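Engineer: What follows is each chain in one-letter form.
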Amino acid sequence: MIQPRPAPVKAHGFRFWLRKNLFNGPFNTVLTFVAAVVVAWSLYNLATFIFVEGSWGQVWRNMRLFGVYRYPPEYLWRPLLALGIMLGLMGVMAGAGGRKSIVAGAFLPIQGFVAVVSVVAILFWPSVRFLWPGALALGFLGYFIGSRWPRSIKYLPWGWGVWLVVGYLLLSGLTTGGTLGKVPVRDWGGFLLTLILFTGIIPSFPIGIALALGRNSKLPAIKYFCIGFIEVVRGAPLIMWLFIASLLLPLILNVDANSLPAIMRAYVAITLFSAAYMAENVRGGLQAVPRGQGEAARALGLSAWQTTLLIVLPQALRAVIPAIVGQAIGLFKDTSLVFIVGLVDFFKVGDIVSVQPEALLVTGGVKLEVFLFIAVIYFFFAYRMSIASRQLEKRLGVGER
Amino acid sequence: MSDAASAPAPIRADAPPTGQRIIEIEGLNKWYGEFHVLRDINLSVNRGEVVVVIGPSGSGKSTLIRCINRLEEHQQGKIVVDGVELTDDVRAIDQIRRETGMVFQSFNLFPHLTVLDNITLAPTRVRRWKKSKAEERARFFLEKVGIPEQAHKYPGQLSGGQQQRVAIARSLTMEPKVMLFDEPTSALDPEVIGEVLQVMVNLAKEGMTMVVVTHEMGFAREVGDRVVFMDAGQIVEVGSPEHFFTNPKEARTRSFLSKIL
Numbered sequence: 001m002i003q004p005r006p007a008p009v010k011a012h013g014f015r016f017w018l019r020k021n022l023f024n025g026p027f028n029t030v031l032t033f034v035a036a037v038v039v040a041w042s043l044y045n046l047a048t049f050i051f052v053e054g055s056w057g058q059v060w061r062n063m064r065l066f067g068v069y070r071y072p073p074e075y076l077w078r079p080l081l082a083l084g085i086m087l088g089l090m091g092v093m094a095g096a097g098g099r100k101s102i103v104a105g106a107f108l109p110i111q112g113f114v115a116v117v118s119v120v121a122i123l124f125w126p127s128v129r130f131l132w133p134g135a136l137a138l139g140f141l142g143y144f145i146g147s148r149w150p151r152s153i154k155y156l157p158w159g160w161g162v163w164l165v166v167g168y169l170l171l172s173g174l175t176t177g178g179t180l181g182k183v184p185v186r187d188w189g190g191f192l193l194t195l196i197l198f199t200g201i202i203p204s205f206p207i208g209i210a211l212a213l214g215r216n217s218k219l220p221a222i223k224y225f226c227i228g229f230i231e232v233v234r235g236a237p238l239i240m241w242l243f244i245a246s247l248l249l250p251l252i253l254n255v256d257a258n259s260l261p262a263i264m265r266a267y268v269a270i271t272l273f274s275a276a277y278m279a280e281n282v283r284g285g286l287q288a289v290p291r292g293q294g295e296a297a298r299a300l301g302l303s304a305w306q307t308t309l310l311i312v313l314p315q316a317l318r319a320v321i322p323a324i325v326g327q328a329i330g331l332f333k334d335t336s337l338v339f340i341v342g343l344v345d346f347f348k349v350g351d352i353v354s355v356q357p358e359a360l361l362v363t364g365g366v367k368l369e370v371f372l373f374i375a376v377i378y379f380f381f382a383y384r385m386s387i388a389s390r391q392l393e394k395r396l397g398v399g400e401r
Numbered sequence: 001m002s003d004a005a006s007a008p009a010p011i012r013a014d015a016p017p018t019g020q021r022i023i024e025i026e027g028l029n030k031w032y033g034e035f036h037v038l039r040d041i042n043l044s045v046n047r048g049e050v051v052v053v054i055g056p057s058g059s060g061k062s063t064l065i066r067c068i069n070r071l072e073e074h075q076q077g078k079i080v081v082d083g084v085e086l087t088d089d090v091r092a093i094d095q096i097r098r099e100t101g102m103v104f105q106s107f108n109l110f111p112h113l114t115v116l117d118n119i120t121l122a123p124t125r126v127r128r129w130k131k132s133k134a135e136e137r138a139r140f141f142l143e144k145v146g147i148p149e150q151a152h153k154y155p156g157q158l159s160g161g162q163q164q165r166v167a168i169a170r171s172l173t174m175e176p177k178v179m180l181f182d183e184p185t186s187a188l189d190p191e192v193i194g195e196v197l198q199v200m201v202n203l204a205k206e207g208m209t210m211v212v213v214t215h216e217m218g219f220a221r222e223v224g225d226r227v228v229f230m231d232a233g234q235i236v237e238v239g240s241p242e243h244f245f246t247n248p249k250e251a252r253t254r255s256f257l258s259k260i261l
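So the protein lines, in turn, are chains A and B. Heads up: the first sequence begins at 1 in the numbering used here, then just goes up one per residue. Heads up: the second sequence begins at 1 in the numbering used here, then just goes up one per residue.
FYI, nobody ran anything at the bench for these hints, they're computed from the structure. Where hints are given, some of them may not hold.
Which residues of chain A face chain B? A few of them, derived with a C-beta cut under 8 angstroms, are [claimed, not checked]: (1) A296; (2) A299; (3) S303; (4) I311; (5) P314; (6) R318; (7) P322.
Here are the simulated distance ranges between beta carbons [as the list claims (entries may be wrong)]: (8) G292(A) - K131(B): 23 to 31 angstroms; (9) A221(A) - G194(B): 51 to 59 angstroms; (10) R234(A) - Q76(B): 28 to 36 angstroms; (11) A187(B) - E231(A): 51 to 59 angstroms; (12) R234(A) - R12(B): 41 to 49 angstroms; (13) L247(A) - A187(B): 35 to 43 angstroms; (14) I153(A) - Q157(B): 22 to 30 angstroms; (15) G292(A) - G207(B): 54 to 62 angstroms; (16) E231(A) - A232(B): 38 to 46 angstroms; (17) W31(B) - I227(A): 23 to 31 angstroms; (18) N258(A) - R127(B): 37 to 45 angstroms.
Partial pick of chain A residues on the chain B-facing surface, computed with a CB cut under 8 angstroms [said to hold, decoys possible]: (19) G292; (20) G301; (21) Q306.
Predicted model, so just to flag it, every value in this text is computed and none were measured. Even for Gly, the Cβ is constructed at its ideal location relative to N, Cα and C.
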């Protein structure tokens, strides 16, 4: 009989880790030192630029442009109210789902972001001093309502519907002049525009699913239309579709080019472009669902539609969450291409700000500062989406075989 | 032995005339492309009868029972289930599928739904039962297959034997008139085959009409009312288990049995 023996002692600790991974042998030791010097030198230079040499005044003075561009300053309460309502609705979802829900996981960091901006607004931006904290408060009010009365979540679809209408009316205005004076769509810009264009991912979702299902259809007319649409749209760059949408869409609809706002044309192009990619992602998911799933559903007497909606699609979509979120992140950044059709989104504001007369007075220009700032903001939101996607995968992975 | 020239008259695998027929298959032929997978199949099943289909792999036995609920389309011949003929008519297909339960080799539980939701899905959506009724029936059948405590788990959290029993409960909750079993124990670990077979034995004792494709000769012998032996897409021999396992007529049957017994 073999007697039990104690397990070999596992060496722990930072020093052991260092010796094992960085200093095992003379060659690796030299490599470690060289790499450390290079990294330290680069970081030192970057830090010197950020904290000493950089002139951030130009970025700081133009925050309003980055936010909304030419949207009239006296109407700033309107987009911020729309933001506040949105945060409130998200708050209800997060509150009802509990602290550890996915929505809460996305909501709380966004509230954190708004809180930071609110502090800055209170200290430095008198015109929106109370508006940012107000939006923040609406968010927490929603969270409170959601956690106090979780059943309020039933009315959320209505809430979002109302928000869409109210939000649009707030942004565009109703009357000439006055508190609700009209703001032409061409004056919407900055991060506001980036967010609006990004919502194109939402309609692209059902369109993409329909295209993916249509591609598998037995009816040749539907099948070949879907294949044709997907292949043609994927076959050309987004930037070209933006061009085509701004020229072709008025032609197809037979209206004057100026009567369709450029934003709407870009929105249609972005949505359809995204839908084509979405369709291919979803198709990948459909193929990943074993045949037996559909057979079992049909054998139980479920109709073809019920089988698709209740059995196949839920499994297919779950399988492609990473791909879909990847696409959302890609689209979020690709909205920056709309500058090509004359729209001024967050990215384009950077371009404009860095060539203002004040900017040109700064030795060496301020391009680097401006684009570092833009990069950080894009990164914050893209990374948040990435985290949310991983949480979603984990949550839906329950009972996966 | 049976060349085309010297082939005997096709075997009529009819149920004994005593009972009421629920499945009638006449002159069934099916091709996969050029491959003639089912050849002149004639078979009827009486209410309450347990018919066991055996044969080497590739003999077409799975294809045969998948034709009965139209998971496979046949090209020639006639299939009538409970008085409804299987045609391209979707309503006829749906009606037959409602009355026909099927258990698969690979269970095919829906991994994104709990056990209870797996079972209640079809009764609520197809039979339009109230949720409370569906859940009550689901729990009844879960009790029957011996796993009432697993109702709120996901299929991935269950063992293979438990999954197959859930699949059986899922079919039974639809209150089918016929149950089709397509090699229900072939994907199971040897030590859990018994628990699934026991459920099937109980079901047979209660008078359920069953068509079972299986390699479990013990089950065929103990529970089967008739055994059908298929080879190369044809029914070679039909008989009572007694006749079949002690005194088979055909050389092909004898050679198959000598390999597996």
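Engineer: Please go over all the hints and tell whether each is borne out by the structure.
Structural biologist: Status of each hint after checking the structure:
Given hint, A296(A) at the interface with chain B, holds; its Cβ is 4 angstroms from that chain's nearest Cβ, closer than 8 angstroms. Interface restraint check for A299(A): the shortest CB-CB distance to chain B comes to about 4 angstroms, inside 8 angstroms, so the restraint holds. The criterion of a C-beta within 8 angstroms of any C-beta in chain B is met by S303(A), whose closest approach is roughly 7 angstroms, and the hint holds. Of the supplied interface hints, the one on I311(A) holds, with its beta-carbon coming within about 6 angstroms of a beta-carbon of chain B, less than 8 angstroms.
Below 8 angstroms, beta-carbon pairs count as interface contacts, and P314(A) has one with chain B at about 5 angstroms; its hint therefore holds. Using the Cβ-Cβ criterion of 8 angstroms, the hint placing R318(A) at the interface with chain B is satisfied: the shortest such distance is roughly 7 angstroms. Because the beta carbon of P322(A) sits about 17 angstroms from the nearest beta carbon in chain B, more than 8 angstroms, this interface hint is broken. For G292(A) and K131(B), the hinted distance range of 23 to 31 angstroms is satisfied, since their beta carbons lie about 26 angstroms from each other.
Between A221(A) and G194(B) the beta carbons are some 53 angstroms apart, a value that agrees with the proposed interval 51 to 59 angstroms. Range check, R234(A) to Q76(B): about 44 angstroms between beta-carbon atoms, so the 28 to 36 angstroms window is missed. Distance hint check for A187(B) and E231(A): the Cβ-Cβ separation is about 39 angstroms, which falls outside the suggested range of 51 to 59 angstroms. About 58 angstroms separates the C-beta atoms of R234(A) and R12(B), a value inconsistent with the hinted range of 41 to 49 angstroms.
For L247(A) and A187(B), the Cβ-Cβ distance of about 59 angstroms falls outside the hinted range of 35 to 43 angstroms, so the restraint is violated. With their beta carbons about 28 angstroms apart, I153(A) and Q157(B) fall inside the hinted range of 22 to 30 angstroms. Taking 54 to 62 angstroms as the suggested C-beta distance range, the pair G292(A) and G207(B) does not conform, at roughly 29 angstroms. The beta-carbon spacing between E231(A) and A232(B), approximately 44 angstroms, falls within the hinted interval of 38 to 46 angstroms.
Judged by the Cβ atoms, the range 23 to 31 angstroms given for W31(B) and I227(A) holds: they are separated by roughly 29 angstroms. Between N258(A) and R127(B) the Cβ separation comes to about 58 angstroms, which falls outside the hinted range of 37 to 45 angstroms. Nearest Cβ of chain B to the Cβ of G292(A): about 4 angstroms, under the 8 angstroms cut. The hint holds. For G301(A), the interface hint holds, since its Cβ comes within 8 angstroms of a Cβ in chain B; the closest pair sits about 4 angstroms apart.
The closest approach between the C-beta of Q306(A) and any C-beta of chain B is roughly 6 angstroms, which is under the 8 angstroms cut-off, so the hint is satisfied.
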